[in-house]
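Enquirer: Here is what each chain is made of, one letter per residue.
2 protein chains.
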Amino acid sequence: MAAKDATTAAPIDFYFEFASPYGYFASLRIDRVAARHDRTVAWRPFLLGAVMKITGMAPFGSIPVRRDYFRRDVPRLARAYGMTVTMPDSMPMNGVAACRAFYWLVDEDPESAKHLARAVYDAHWREGRDMGDGEAVAEVATNYGIDREALLAGIQEPAVKQRLKDETDAAVAAGVFGSPYLIIDGEPFWGQDRLKEAERWLETGGW
Amino acid sequence: MAAKDATTAAPIDFYFEFASPYGYFASLRIDRVAARHDRTVAWRPFLLGAVMKITGMAPFGSIPVRRDYFRRDVPRLARAYGMTVTMPDSMPMNGVAACRAFYWLVDEDPESAKHLARAVYDAHWREGRDMGDGEAVAEVATNYGIDREALLAGIQEPAVKQRLKDETDAAVAAGVFGSPYLIIDGEPFWGQDRLKEAERWLETGGW
Numbered sequence: 001m002a003a004k005d006a007t008t009a010a011p012i013d014f015y016f017e018f019a020s021p022y023g024y025f026a027s028l029r030i031d032r033v034a035a036r037h038d039r040t041v042a043w044r045p046f047l048l049g050a051v052m053k054i055t056g057m058a059p060f061g062s063i064p065v066r067r068d069y070f071r072r073d074v075p076r077l078a079r080a081y082g083m084t085v086t087m088p089d090s091m092p093m094n095g096v097a098a099c100r101a102f103y104w105l106v107d108e109d110p111e112s113a114k115h116l117a118r119a120v121y122d123a124h125w126r127e128g129r130d131m132g133d134g135e136a137v138a139e140v141a142t143n144y145g146i147d148r149e150a151l152l153a154g155i156q157e158p159a160v161k162q163r164l165k166d167e168t169d170a171a172v173a174a175g176v177f178g179s180p181y182l183i184i185d186g187e188p189f190w191g192q193d194r195l196k197e198a199e200r201w202l203e204t205g206g207w
Numbered sequence: 208m209a210a211k212d213a214t215t216a217a218p219i220d221f222y223f224e225f226a227s228p229y230g231y232f233a234s235l236r237i238d239r240v241a242a243r244h245d246r247t248v249a250w251r252p253f254l255l256g257a258v259m260k261i262t263g264m265a266p267f268g269s270i271p272v273r274r275d276y277f278r279r280d281v282p283r284l285a286r287a288y289g290m291t292v293t294m295p296d297s298m299p300m301n302g303v304a305a306c307r308a309f310y311w312l313v314d315e316d317p318e319s320a321k322h323l324a325r326a327v328y329d330a331h332w333r334e335g336r337d338m339g340d341g342e343a344v345a346e347v348a349t350n351y352g353i354d355r356e357a358l359l360a361g362i363q364e365p366a367v368k369q370r371l372k373d374e375t376d377a378a379v380a381a382g383v384f385g386s387p388y389l390i391i392d393g394e395p396f397w398g399q400d401r402l403k404e405a406e407r408w409l410e411t412g413g414w
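Protein chains in written order, with our numbering: chain A, 1 to 207; chain B, 208 to 414.
With the rest of the complex left out, here is chain A (with noise of 0.2 Å):
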């Protein structure tokens, strides 16, 4: 099957959490392996311990051998990668602020949303700060010639905190249950070792 027009196409669905470092790593990859098959990308930030809890599932970090082991494999996989990570003391931060502010701009600058995601995302990760209050988020922000006080006073909006609800109930409905999770003209490829799947998937139509 041919590469579907991205004038026509859906957008592939990324679905991350931006306490998930796994999320992070698939977030710097995701929208070249669209490009490359001329489709676009819709970002969808999510709790992922809201979805757990939704689902039943262990929060995220409470087995402590598989904290060990994600301790592990995070600057393990930067470093295959050649990338630098920090893990950050204190995890999982807190993604509520990062959300809301994400799908507060969202509708009216979808680039500006992304650009706001990636800071968070390169923040957390990269420099191992907390992104998890407003504060932060609004700082980093301004780099992006976002208003301080006006993201401050937008993720206190009953329509935002809304929003962030709803698309977390949306992610659950679409079966997402881990971060990243991309979902492909109705495929789902759960975490970035699926990546290579995923564009395999789009290369070809589906197998």
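To be clear, the hints were calculated from the coordinates, so they are not data collected in a lab.
No residue lacks a Cβ here, since even glycine has one placed at the ideal position from N, Cα and C.
Only true hints are included.
Which stretches of chain A does chain B cover? Using the computed rule of at least three CB atoms under 8 Å from a CB of chain B, they are:
id, stretch
1, 51–59
2, 63–73
3, 77–83
Chain A is faced by these chain B residues, among others (derived, beta-carbon under 7 Å):
id, residue
4, G263
5, M264
6, V272
7, R273
8, Y276
9, G382
10, W397
11, W414
Go by the hints and put chain B onto chain A.
Expert: Frame of chain A; chain B shown alone:
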């Protein structure tokens, strides 16, 4: 760092659960990966359910949305690899008999134990057969010159039952929490998705 000498380097520990198709995929490649780097592999079947109980993780398949993904991901990976899998009617299979049969054999005849493990995996994941009882395991074992009655008696020996408990405890002590799980010179790799990194680790001595 040069590849280690197979005569002195410790074997690669390959932990796997028979009910895990990702363990099955890894089992088809791990010996060749090791051989390319003059290494041997110690196959170590274990009971993932028992490990999950000890570490406090949610039982395999207990989360519907993950189960749905799994049922899609496994055949999709198999098709990508050009392999056949048949999803078994009842999942997860009970691996107790297969694990006991393996440990009953392994000290005396490690090659036959590995053949038996491969045969159980093949019957379960390629053919979709339920290999959850001793009779089914004994039936495939006869193809490898293993006496049916001896195996059925062997898997009831108290020492063999204890051996499986000890191996499961040893897996937990080694930090194992999933299948497949490789340990190479102390370095853990969880999931068949990490085989590429594991091979690079063997090539380079680590990074």
